[in-house]
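Participant: Residue numbers (this note's numbering), protein chains in the order written: chain A, 1 to 166; chain B, 1 to 31.
These are calculated hints, taken from the structure and not from any lab test.
Because the structure is a prediction, the values reported are computed rather than measured.
Keep in mind that a hint or two might mislead.
Stated by the list, open to error - Listed next, with one range per pair, are the computed distances between beta-carbon atoms:
(1) B:Leu7 with A:Leu98: 42 to 52 Å
(2) A:Ser85 with B:Thr2: 45 to 55 Å
(3) A:Leu71 with B:Ile15: 23 to 33 Å
(4) B:Arg5 with A:Leu71: 37 to 47 Å
What the hints assert, rightly or not - Examples of chain A residues lying across from chain B (beta carbon under 7 Å, computed):
(5) Pro17
(6) Phe20
(7) Leu46
(8) Leu47
(9) Ile62
(10) Leu66
(11) Ala67
(12) Asn69
(13) Leu71
(14) Ile145
(15) Val149
(16) Leu153
Backbone N, C-alpha and C define an ideal beta-carbon position, used for all residues, glycine too.
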Amino acid sequence: MRTDRSSSAIRLLWTAPLAFACQLLVIHLLDGAALRVALPLSHLLLLPFLLANSRLLGVRLIALGLALNLLAITANGGLMPVEQSAVDAVGKHTNVELTAGQHIPGSKNILLERDSIHLRPLSDVILLPVPQPFTRAVSAGDLAIVAGVVAVLTTLVLSHRPEPHP
Amino acid sequence: MTKLRGLITLALGAIGLLIVGLAAGAPFMMP
Chain A
1 MRTDRSSSAI RLLWTAPLAF ACQLLVIHLL DGAALRVALP LSHLLLLPFL
51 LANSRLLGVR LIALGLALNL LAITANGGLM PVEQSAVDAV GKHTNVELTA
101 GQHIPGSKNI LLERDSIHLR PLSDVILLPV PQPFTRAVSA GDLAIVAGVV
151 AVLTTLVLSH RPEPHP
Chain B
1 MTKLRGLITL ALGAIGLLIV GLAAGAPFMM P
């Protein structure tokens, strides 16, 4: 997709659904070592989009968030660590028996004990103060990504405002 | 017509950017 106003044109946006679809396939079809290798790599499919639009501040914020998330993921063996207390607070897996070191089904997360998490401040340790079922455990990188998306959306909306008549 | 085209472009851009957020790892953007 490319908008008409060149200063705010967003390039290679079509690569985002492609990257997301690949991630969903990886998360739902793979496990073990294959999952731990393929998940971080699937994030890199966003690189062409990020590079092509790096002139936009919001896209730089998204890239920063992605880099922070990838740091936490690679430091913990290929999956994003989360603690039992956060899993309990989110409440989506109350019927599933999870053990430390286990991939949480349908997610990018691995359940780890607090002391065994590397780069813990970059992991999913921030609990959004909203009631269930909307509670989410997020990372600092996630917050940067959302800020970046909002910034780019704002740029996009402003660039499509009707131009004032002289 | 031009206005409609602009709105459609804007909507597609917004959807695409939300998917960027998902693909970059923001789980709370998931419905």
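Participant: Now tell me, hint by hint, if it's right for this structure.
Facilitator: Results of checking the hints against the structure:
1. The hinted range of 42 to 52 Å is satisfied by Leu7 of chain B and Leu98 of chain A, whose Cβ atoms lie roughly 45 Å apart.
2. Between Ser85 of chain A and Thr2 of chain B the beta carbon distance is about 53 Å. The supplied range of 45 to 55 Å therefore holds.
3. Checked against the hint of 23 to 33 Å, the C-beta distance between Leu71 of chain A and Ile15 of chain B comes to roughly 28 Å, which is consistent with it.
4. For Arg5 of chain B paired with Leu71 of chain A, a C-beta distance near 41 Å keeps the hint of 37 to 47 Å intact.
5. Here the hint on Pro17 of chain A is kept, as its CB sits about 5 Å from the closest CB of chain B, short of 7 Å.
6. Nearest Cβ of chain B to the Cβ of Phe20 of chain A: about 4 Å, under the 7 Å cut. The hint holds.
7. The criterion of a C-beta within 7 Å of any C-beta in chain B is met by Leu46 of chain A, whose closest approach is roughly 6 Å, and the hint holds.
8. For Leu47 of chain A, the shortest C-beta to C-beta distance to chain B is roughly 11 Å, which exceeds 7 Å, and the interface hint is violated.
9. The restraint placing Ile62 of chain A at the interface with chain B holds, with a minimum CB-CB distance near 6 Å, inside the 7 Å limit.
10. The beta carbon of Leu66 of chain A comes within 5 Å of a beta carbon in chain B, closer than 7 Å, and the hint placing it at the interface holds.
11. Checking Ala67 of chain A against chain B by beta carbon gives a least distance of about 10 Å; that is not within 7 Å, so the hint is violated.
12. Here the hint on Asn69 of chain A is kept, as its CB sits about 4 Å from the closest CB of chain B, short of 7 Å.
13. Checking Leu71 of chain A against chain B by beta carbon gives a least distance of about 11 Å; that is not within 7 Å, so the hint is violated.
14. Evaluation of the Ile145 of chain A hint against chain B yields a held restraint, the C-beta minimum of about 5 Å falling below 7 Å.
15. At a threshold of 7 Å, the smallest CB-CB gap from Val149 of chain A to chain B is about 4 Å, leaving the interface hint in force.
16. The restraint placing Leu153 of chain A at the interface with chain B holds, with a minimum CB-CB distance near 6 Å, inside the 7 Å limit.
Checked against the numbered hints above, the structure violates hints 8, 11, 13; every other hint is satisfied.
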